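Enquirer: Listed below, chain by chain, are the residues.
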Amino acid sequence: MYTQGLDQQGDGPTLVENEQDLLEKFQAKVDAEEKIEPKDWMPAAYRKTLIRQIAQHAHSEIIGMQPEGNWITRAPSLRRKQILLAKVQDEAGHGLYLYSAAETLGVSRDELVDQLIDGTAKYSSIFNYPTTSWADIGAIGWLVDGAAIMNQIPLCRCSYGPYARAMVRVCKEESFHQRQGYEIMIALSRGSDEQKAMMQDAFNRWWWPSLMMFGPSDNDSKHSAQSMAWKIKRFSNDELRQKFVDATVPQAEYLGLTVPDPDLKFNEETGHYEFGEIDWQEFYDVIQGNGPCNRQRLAARKSAHENGAWVREAAAAYAEKQRQRKEAA
Amino acid sequence: MSALFDAVLRLADSNLILGQRLSEWCAKGPQMEEDVALTNVALDLIGHANLLLGYAAEIEGKGQDADQLAFLRDGDKFHNLLLVEQPNGDYAHTIARQLFFDAWANAWYAQMAQSSDQRLAEIAARALKETRYHWRHSTQWALRLGDGTEESHQRMQAAIDALWMFTGELFADDEVDVEMAEQGIMPLPSSLAPQWNTAISAVLEEATLSMPGDQWMQSGGKQGRHTEHLGYILAEMQFLPRAYPGAAW
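Chains as they are written, first to last, in the working numbering: chain G, 1 to 329; chain D, 1001 to 1249.
For the record, the hints were derived by calculation from the structure and aren't laboratory data. Here the structure is a predicted model, which means the values were calculated and not measured. Incorrect hints may appear among the rest.
SDA-like cross-link-like pairs, simulated, lysine to any residue; straight-line CA separation at most 25 Å [to be verified]:
# : chain 1 : residue 1 : chain 2 : residue 2
1 : G       : LYS321    : D       : GLN1031
2 : G       : LYS302    : D       : VAL1036
3 : G       : LYS326    : D       : ASP1147
4 : G       : LYS321    : D       : SER1210
My request is simple: use the sequences and hints to build the entire structure.
Expert: The structure is reproduced here in structure tokens:
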């Protein structure tokens, strides 16, 4: 890699000056809303931040298949089963494009997958909560995919071209995911008392973790300022969280749900909902591996990877034999 | 009930149960591309089941819909092939089961596309486009596993050998089949055997696998006599509609 080579040799005065010059050109390009492409020079920290963020995003898609996959075989109608299969299939597809986007930054999918499996890489904490009823599938589509869209729409304008383009495609599919989730909730809201109770219970369990999806509060967010300057990030965590609450509370009311937050109230002056304090202890606990399903999710991914090793080896061996046969022919 | 109803249910149920089985692989595939491929095949099969069950419900004429047929029938009223209810096992078992089914489905739909029953002809034409892709997928994997490593070869051969006893049912005719064939509605199962044998033996040969010899074949699924596996599949699949009778989802 040209740019990495440059960074490694960068101890002579000419190179340092040169790097300053490159950095200025890079920032000017970002400021002018032009895309940074894989072959362009970029600061090592920009590359590192993007690899971390894109990989976390890819891992989240892959781990996110588990809580929803948990209900495919129990989906209550053929139509729901088809929709859920299509949704989980999209997630696997998103994981694949995102790993490809990360690969344009000079890291391999295998390395990233190894980091996921050995527990050193992070993924969205929301997937460390269990899906214990069918209503959870509605709640995930509506709230979790809804929050993901809020986070991801600005990423369609991210300064890094391959990530921005991947996000355009991902966001189109996510909006279908959110609609199907809300539609599940509507069906439950029109159902029996038991179905309504199932829906309220799911909402109680997913509301706060969904708000946590926007990350730590702006006061504690360690990567924010630099990511804003690089136009990887466009809005602060708290701004996006507020947007989500403002959009979601009226939907919850329409469904006849009670928001599990006694402090929630609409502020007529600001036009925004005010909401209670997030349990940050729970947020950090889950990030650090102590959520209800962290160990289960990672063990399941590890087991799929390990059980599939002989299959991947067979595919590689067959491809090699085919190559040799072609050469011999 | 009419022979047509039974015959449509047989085809619908085989699609539904195999789709259900493949769905169990979700997020457990040997590589991410296979998570995409397997969910895609499952989705197609459940789509075929949905169309066929909808038609079966109309033929039955008792005001039931496809979902009621899928979620409220007991095991002895299911008419799927025994092959499709067999457990996923390792990836070789899943691929062997799929290979056997896809070769059969291709032959079946190619003939059913000419059915005297317009609705079935349309369903077959649509399904055939998809099962040809499924066959390509299962063939490619049979080759990779059969002619891959020593371990994969052994596993694939073991899967072929284990599932072979369920392939006889694919070509066993009973009175329902004979009636459907006489009316030009569906193919006579036994008539598809030569085509299936040719397709399977070609793949196995290229995959360096051996074709099992003549042996005892287990059947009964089409008549509602199943292996023990089906009960668990249905218990899982039917749980919500049975736990909340009459609920809409």
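Enquirer: If you check each hint against the structure, which ones fail?
Expert: none
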